[in-house]
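Number of protein chains: 4
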Amino acid sequence: MSTSSIGKLFVVTNFGESHGPAIGCVIDGCPPGMELASEDIQKELDRRRPGSSRFVTQRKESDAVEILSGIYEGKTTGTPIALLIRNENQRSRDYGEVAHQFRPAHADWGYWAKFGLRDPRGGGRASARLTAPTVAAGAVARKWLAEELGISIRARLARLGSVEVRLEDWAEVDRNPFFAANASQIPELESLLESVRKAGDSIGAELVVEAHGVPAGLGNPVYHRLDAALAYALMGLNAVKSVEIGDGASVAAQRGSENGDEMTQEGFLTNHAGGVLGGISSSAPILIRVAVKPTPSVLIPRKSLNEQGEEVLVSTKGRHDPCVGLRAAPILEALVALTLMDAALLQRAQCGNYGLVFDAQEI
Amino acid sequence: MSTSSIGKLFVVTNFGESHGPAIGCVIDGCPPGMELASEDIQKELDRRRPGSSRFVTQRKESDAVEILSGIYEGKTTGTPIALLIRNENQRSRDYGEVAHQFRPAHADWGYWAKFGLRDPRGGGRASARLTAPTVAAGAVARKWLAEELGISIRARLARLGSVEVRLEDWAEVDRNPFFAANASQIPELESLLESVRKAGDSIGAELVVEAHGVPAGLGNPVYHRLDAALAYALMGLNAVKSVEIGDGASVAAQRGSENGDEMTQEGFLTNHAGGVLGGISSSAPILIRVAVKPTPSVLIPRKSLNEQGEEVLVSTKGRHDPCVGLRAAPILEALVALTLMDAALLQRAQCGNYGLVFDAQEI
Amino acid sequence: MSTSSIGKLFVVTNFGESHGPAIGCVIDGCPPGMELASEDIQKELDRRRPGSSRFVTQRKESDAVEILSGIYEGKTTGTPIALLIRNENQRSRDYGEVAHQFRPAHADWGYWAKFGLRDPRGGGRASARLTAPTVAAGAVARKWLAEELGISIRARLARLGSVEVRLEDWAEVDRNPFFAANASQIPELESLLESVRKAGDSIGAELVVEAHGVPAGLGNPVYHRLDAALAYALMGLNAVKSVEIGDGASVAAQRGSENGDEMTQEGFLTNHAGGVLGGISSSAPILIRVAVKPTPSVLIPRKSLNEQGEEVLVSTKGRHDPCVGLRAAPILEALVALTLMDAALLQRAQCGNYGLVFDAQEI
Amino acid sequence: MSTSSIGKLFVVTNFGESHGPAIGCVIDGCPPGMELASEDIQKELDRRRPGSSRFVTQRKESDAVEILSGIYEGKTTGTPIALLIRNENQRSRDYGEVAHQFRPAHADWGYWAKFGLRDPRGGGRASARLTAPTVAAGAVARKWLAEELGISIRARLARLGSVEVRLEDWAEVDRNPFFAANASQIPELESLLESVRKAGDSIGAELVVEAHGVPAGLGNPVYHRLDAALAYALMGLNAVKSVEIGDGASVAAQRGSENGDEMTQEGFLTNHAGGVLGGISSSAPILIRVAVKPTPSVLIPRKSLNEQGEEVLVSTKGRHDPCVGLRAAPILEALVALTLMDAALLQRAQCGNYGLVFDAQEI
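In order, the protein sequence lines correspond to chains A, B, C and D. Start counting the first sequence at 1; every next residue gets the next number (the working numbering). Start counting the second sequence at 1; every next residue gets the next number (the working numbering). Start counting the third sequence at 1; every next residue gets the next number (the working numbering). Start counting the fourth sequence at 1; every next residue gets the next number (the working numbering).
Extracted from the complex, chain A is given alone in its bound form:
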């Protein structure tokens, strides 16, 4: 029950700080016999990596992953897979002046209240850098899910500030630095981000993450429901303030006759539920929307306190993303993969199968 672990059977334990020697994770419970090479993991890390465009932090990290254990002759052995990523580019001097201040909307104050001390270098453990081990572990899970169950997971930027990013073509997502599923809005997004950056400000975003090919039967009736586990994983990501499944908040304004997805022999006629009914997957695509708050690090001076309780003005000068949502897509995919993998193993444990595939057209 480590508080730094996620999963009950496919258990990922995360460690590290932004400017410590290394970050990484240990994966326990991976099924044996799956082919796994560091490239399988590295390719996902590279999708998340900073420095890939001028709109994300310019910190340069190769994020090269080393597999320390759990692999023999190219296959998983069923023993813990430890993954190590060395920190290379720790410009601690950037953070010196705020080491004893609580930057507004940052984790500084909470850590200090909780632990009585904190590692201020680069945000310490609160840094978005700690999502890299999550992505690395997620790469293992999604490989297994794809090979064993044919599950695919994808995410895209759905909103940048007040601009809705239209879904035009999923194939575009990996062709631009915004994970936008269209090419036509890229100039508009660039222009918006440039204005935000020049203003020394930051901006929020929304993302959509989907899982296709999930069999019906994953999840549990009470408490450890699949939607609960998904919400746990996604709300646990830095900056996420909202998690919606299927129609999400808009269900409040719906009638039951509209919201209830009818089933026919061709499949569900709609997917208002977003693939989860009664806490259990329905075999319809799992559809989730999350909102990500704007990066709290802004150049505009803000009122706060320091550790002595004195009022100070804080402006953050370090390297930061103007929009943390821009790099969130691979992380969301990883978190969904970890959650589904765990649910699939729980199902296999209790029921000896993966549930049922409802062979319907996807909606």
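These aren't lab readings, by the way, just hints derived from the structure by calculation. Certain hints may be false.
[As the list claims (entries may be wrong)] Just so you have them, the derived chain A footprint on chain C, three or more residues with Cβ under 8 Å: (1) 19-33; (2) 338-348.
[To be verified] Residues from chain A that face chain B, not an exhaustive set, calculated with beta carbons under 7 Å: (3) Val173; (4) Pro177; (5) Lys241; (6) Ala253.
Backbone N, C-alpha and C fix where the C-beta goes; we use that ideal spot for every residue, glycine too.
Following the hints, put chains B, C and D in place on chain A, whose structure we already have.
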């Protein structure tokens, strides 16, 4: 790691089905020495109980709780507290005709896909009735939180269908069957519900739940963050499709200079964050909004399948709430109480304290 | 991770006190579709029940179990199985005089030190009565193990005080109140117990528990080894002070050339290991020996303290077993069943199978 | 609930294989603010390290530990402490010939049955080398236990084969390579080991481990008892086949009037219980005895099977300890430290204190 349990240290294990002999829960890890009588629990159960107005299911249940263990001479002993609620009013005949059909938007299909069989009587374990043990356990948690830490928790209906329910006076919440924090809109809500009921339809809702007096320091940096644990608890409640912390989904459209809550010696100037920063409580009020889908049980016939895969038309004739959101307030409060209690004990375990109280005016 | 639960996937949560309203447990994670009736559980409870001979406590309890949930039409549904046993015969007056004293070798002092208060009625939660829910849950596990994997589990008395109880015929175990696997020593055991009882004293015992038909592959390499899990379960039973696997303590005097069990195509030639190698089952029979201390409740006055720290003389007048080991056999079987069931589900989760059966003659 | 983790609150997750790139662990839940340097950990690792005498494996490993996270300015931050030990001296060629055979009494067969494949290099994950991360984590726990609670833990060799190793002076333990608490028997032990080594054989051992200064109140009533948790930890150590608390197996032959430890204002008069009553620490010293089987790696040819099921003769030529018990003392100490630390944090969580110290003379 029971999938029917919630909490790591204050662990509640839920059991029962709607029309089985009984429902209940076992609470492990309760601090010893707290005065606890069945009335403390009963009063919360009575707030949740069906049959209290014509707009909720007319099933009559006294929901009388019996404490089976863990209390001696009126005090908690530190050993498991088992709570038992007998089912009294099981009109199984109501459900006979849909026993082998999958009611749209219900848990029927998922349970069948998962387990290969299901208890169809009254929805079995998927019934909202299973929230009663959660409310009972929550009553224990909120008593401890109030006495030990001065924490108070409250919830209210914030939207019914397209009608926003205004916050006028929290004291009104317990004076009407809608948990609405105003008296003036009650006729409007009654009228809306009546029309929904007459149409044989149902309607969604939004609720707000808040916790006040939470010290700064509860929660954890990565994965087991306080917002993650809250989202897990609340998204795990029947019919909830959206969980938002603080400004929730609207952060997507905000700038960092607007979203970041400034701190002064008088406290936080705003509370966009909803009381959680970096996964850890900030001492500002915890503010959460959830959306609840309309009850899937409607009289209007809907297309579905039966267990043989044949297409059928389903309309639900049993006793049902036209809006499950109407009775959700006490349940949301209970789930927040359970989550905060667990976080407080985790904090006491690791750090020997409850964090810091930031003695500011509430926002 | 309730501290009153055992198991990671087949999770049993125990509740109750000797003289409270009821005792029982909740089983989470049981595979669905298994036929289960209360008689399946009752027959194991009856084997454990007090009052079956003059050598065990004369407390009369029917120990009638009620299944509260998790069964529909005679089959497990995969949802929590709650089992309830009402306490009937609580002669609390027997214990009044020691309510504020710490009986030597009892749990009294520890509970008081831990919780700051305790339920003294009949030993409260420290009573051997709390093993009944364990036996009940174990009955479910052993049924599944027998049907799914052909595993059988049996236990016998192996020593009573200084008398070694010879293994002559396993069939005798259920024909005498001592769980002795021979008929010839019964008069000797009766005579010994009678002398102990007349002296107002009590006596220790040793028991052997075995599991046959366990496939190779259950358990884990580091920490959660099968032998570790077995030791956890058995050392967690009241009065047990020693757990030995296979040759146990006598391995200290062995050479490697003697201790190592050779394998041939006909099977293992010996079973010094007791069926566990490297933390994982080997498919040879699992052999365990436990030692049980004499009941601490004796008529002979003993020095102790009361809650005020004053020295007192304590002699226990209530109804007690002169040898708790006499009724331990069904409990040990249950604990082994719970452990193996959990290991089998963990194996199925990670590897999709139950390991390998090494089709050898049993040793 | 990783199966490679130990502890509920002070959670240690172990990873690595004997001949992989590295071994190590992640510690979650460490209290913040404790001074911790790598030397604190290294000194315990050095006590366990191979190559320190001619009677232990001649594999040369510096076992240099690197702290990867969780420390800032010399203090624990409360975030996960990741510890890394690189493998340096992997002579994989030693093991090539047994790569597809099941060495008798080794973990080979079980791993193969479980996972369907195995890493045969140096025993892979079954190697005693994997105890190094346990010792490293234990060093953190024992530092905290000593500083916060004044608890001290020590272990010694109590038997080598048929030779009982007398307790004469605890101070001798760190002055000889056998962890023997006397100087006079060293020549005898050397001579015995030399004869075993020359015979190409190995030999078993017994060790005693003790904890002093443990307050009364650690542990739990049912299942997660302190003795259960200790047995879990110690039986989970490679080669351990027996765990006894206090008088252990000899309680079987005792009477209650003898076994029950009397309490006076000067303390317990005896300590038959070994410091645990009713699953909870009594404040008397915790006394545990374990038996360790002889190393299965012997030069004497032994019958076994290979992966094809063919009968083969196996003799192990690699570098091995003739007695794994010789280096077990620091590991046992570490495991007891981890268990007590976890119990202390659980107690602090539930009860807000560490129980009571019974200020008596040690027995």
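Evaluated hints:
no.	hint	in the structure
1	19-33	holds (count 4)
2	338-348	holds (count 3)
3	Val173	18 Å, violated
4	Pro177	18 Å, violated
5	Lys241	5 Å, holds
6	Ala253	5 Å, holds
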